[in-house]
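Visitor: Sequence:
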Amino acid sequence: MDNSSATSPAVLPPGVANGGLHLNPELRRILANIRVIVAIVAITEALSLSGTGRTPAALAAVGYAVYAGWLCWVETRGNHPVLPRITPWVDAGWILLFAWLAEAQSSLFILLLLFPVLFASLSFGFVSGLLVSLFAAAVAAAQLLIHKGYGDIPWQGAMLQPLSLLVLGPLVAALARAGVQMNEQLTVADRLLGQLDPRRGVRRIAETTLRTLTHHFDADRGLILLWLPDSEPRLFDCDASGNVNELSGELHASLVESLGCLPPDVAAVHHLGHVGRLPLRRHSGFDLETRASNSAARAAAEQLAQLLDAQSMVAMPICRRAPHPCRLLLASRHRRYRARDAELLYGVMEQLAPVIENAGLLERLTEAAMATERARIGRDLHDTAIQPYLGLKYGIEALARKAAPDNPLHRDIHALKDVAISELHHLRELVTDMRAGACGADDALAPALRRQAKRFSELFGIEVSVCCEGELPVRRSLAAAIFAMVGEALTNIRRHTDASRAEIVVSAQAGVCSLRITNAHDPHAPPPPFIPRSIVERAESLHGRAVVERQRPGLTDLIISIPAHSKHGQP
1 MDNSSATSPA VLPPGVANGG LHLNPELRRI LANIRVIVAI VAITEALSLS GTGRTPAALA
61 AVGYAVYAGW LCWVETRGNH PVLPRITPWV DAGWILLFAW LAEAQSSLFI LLLLFPVLFA
121 SLSFGFVSGL LVSLFAAAVA AAQLLIHKGY GDIPWQGAML QPLSLLVLGP LVAALARAGV
181 QMNEQLTVAD RLLGQLDPRR GVRRIAETTL RTLTHHFDAD RGLILLWLPD SEPRLFDCDA
241 SGNVNELSGE LHASLVESLG CLPPDVAAVH HLGHVGRLPL RRHSGFDLET RASNSAARAA
301 AEQLAQLLDA QSMVAMPICR RAPHPCRLLL ASRHRRYRAR DAELLYGVME QLAPVIENAG
361 LLERLTEAAM ATERARIGRD LHDTAIQPYL GLKYGIEALA RKAAPDNPLH RDIHALKDVA
421 ISELHHLREL VTDMRAGACG ADDALAPALR RQAKRFSELF GIEVSVCCEG ELPVRRSLAA
481 AIFAMVGEAL TNIRRHTDAS RAEIVVSAQA GVCSLRITNA HDPHAPPPPF IPRSIVERAE
541 SLHGRAVVER QRPGLTDLII SIPAHSKHGQ P
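Under full-length UniProt numbering, think of the first position of the sequence shown as 1, with each following residue one higher.
One thing to keep in mind: the hints can contain errors.
Stated by the list, open to error - Derived lysine-lysine pairs resembling DSS-like cross-links, with alpha carbons at most 27 Å apart:
no.: 1; residue 1: K417; residue 2: K393
no.: 2; residue 1: K417; residue 2: K454
no.: 3; residue 1: K393; residue 2: K454
no.: 4; residue 1: K417; residue 2: K402
Unchecked claim - Have a look at the derived ranges for each label pair, beta carbon to beta carbon:
no.: 5; residue 1: L459; residue 2: G194; range: 21 to 29 Å
no.: 6; residue 1: L409; residue 2: P388; range: 19 to 27 Å
no.: 7; residue 1: L166; residue 2: H334; range: 29 to 37 Å
no.: 8; residue 1: K402; residue 2: L459; range: 19 to 27 Å
Think of the hints as simulated: they come from the structure by calculation, not from any bench.
No residue lacks a Cβ here, since even glycine has one placed at the ideal position from N, Cα and C.
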């Protein structure tokens, strides 16, 4: 069973998840401290003025200082922000009040207006900072026109101050936007790097990465294709709820082919809108090396968007040092992705790529070590198990030749001889596979379970039927673990129940291998609740689960669900 739903997505700061940083506590505290510094500078400048405007300007500066100190106290205590979208406008309005009361005797008041632009840009993005700068420049210009210049400076010369604000404001907003993007990228990457451990395997890293990114970018679906050296392509799919599955079958093949058509060095953003009933597709892309605009991914992106029925989509290559194409894709129906999202996503994945590659390398080293150990155990088994079994077989055959057909033990001896020959044959197959290091996926589970059920029925008189729904292409290591759990479940039926019949139903759907082992009991006197602890622990070690149910009258079901691509012994 896929246990992805049991792990919640990484919780990023709400401001980050919503595309702005105004709710980031650390950033709020920094801006509150800067606001206090601005208030202190305003008081100092107001006290240096002369004339009738000195006192009103100083009182206004003191009032602003009280306001700034209160906001700083609120942020220091960790309380919720007070009308965060209004505070930059309040800052700009208060500084414009200084300029009005002081009759703009100091150009410092105009420069102080750049700080509200910075506050708005850092908290809510470039557009908000641009609006504040336009508002401040317009009001400052209006003040100059009303006063028709200040002092000896005509209004034409004084107008340079709001004009400089009009030029510097967008520049400050653009620089703040770059800072916001870098801060957001570092925040997401740091939180992911803190949770990812290459020793836990590629699957766990893919699950954590997809959950975090789909949550952060408000995606309805996330796909990550990992095709690392000396391994098969693995495709993981995450929905909006954070449930992650490893895809297989025809869907896996078609998506791998479509994702592989994307250029290896271009990030693409694709959006499907409508003008009335007319569909309108917008595509943008950039080269990852030069950051230049590049539309080479348009055709492949349109095909993927149609295949996934995506309204807005961002796709890019990851782990670019790998010999095969690795891709990350996010799709959303309610958020429109832009080039900024692709740049942010690329910056995050560039930092995560070494972790993913190291996880793949560790898995290959682990598989190689397991294959070597299996080969060693196979050689040991050949010397310590098969040879004595051969001696036992020869002894039984000799005993069978001595027992005449009229001997009461004749049938039993020949049955025992057949069992010994069959077991020796299967043991030889096992040893051969172990010495060859076989670990790939095949459909050997179903025949093995049928042979196991037949031997169990012959030895203990309990009829066991096996029903396999479709093919079961699971790894040999996983098949061996399932085989052991089924054997233990049948042993529990023999030891702890009076059942004369058991049923095993095996199926594989959506990347999950499921087993239902059923035995009958008296519907009027059901057995006490029982948890097969060792089976449960083994299933959990394979990222699955095992539960006992009695939902059907007179029947006890042991249900085991394990991801089909799980690896035995992997944490």
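Visitor: Take the hints in turn and mark each one as holding or not.
Guide: Each hint, compared with the structure:
Proximity of K417 to K393 is assessed by CA-CA distance (about 7 Å); at most 27 Å being required, the pair is judged to hold. In summary, the hint linking K417 to K454 is supported, as the alpha carbons are separated by about 16 Å, within the 27 Å threshold. Taken as a hint, the K393 and K454 pair is honoured in the structure, with Cα atoms around 20 Å apart against an allowance of 27 Å. Simply put, K417 and K402 have alpha-carbon atoms about 13 Å apart, close enough for the 27 Å limit, and the pair holds.
Distance hint check for L459 and G194: the Cβ-Cβ separation is about 53 Å, which falls outside the suggested range of 21 to 29 Å. Look at L409 against P388: about 23 Å separates their beta carbons, and that is inside 19 to 27 Å. Between L166 and H334 the Cβ separation comes to about 36 Å, which falls inside the hinted range of 29 to 37 Å. Our hint of 19 to 27 Å for K402 and L459 holds, since their Cβ atoms are close to 24 Å apart.
Hint compliance for this structure: hint 5 is the single one not met.
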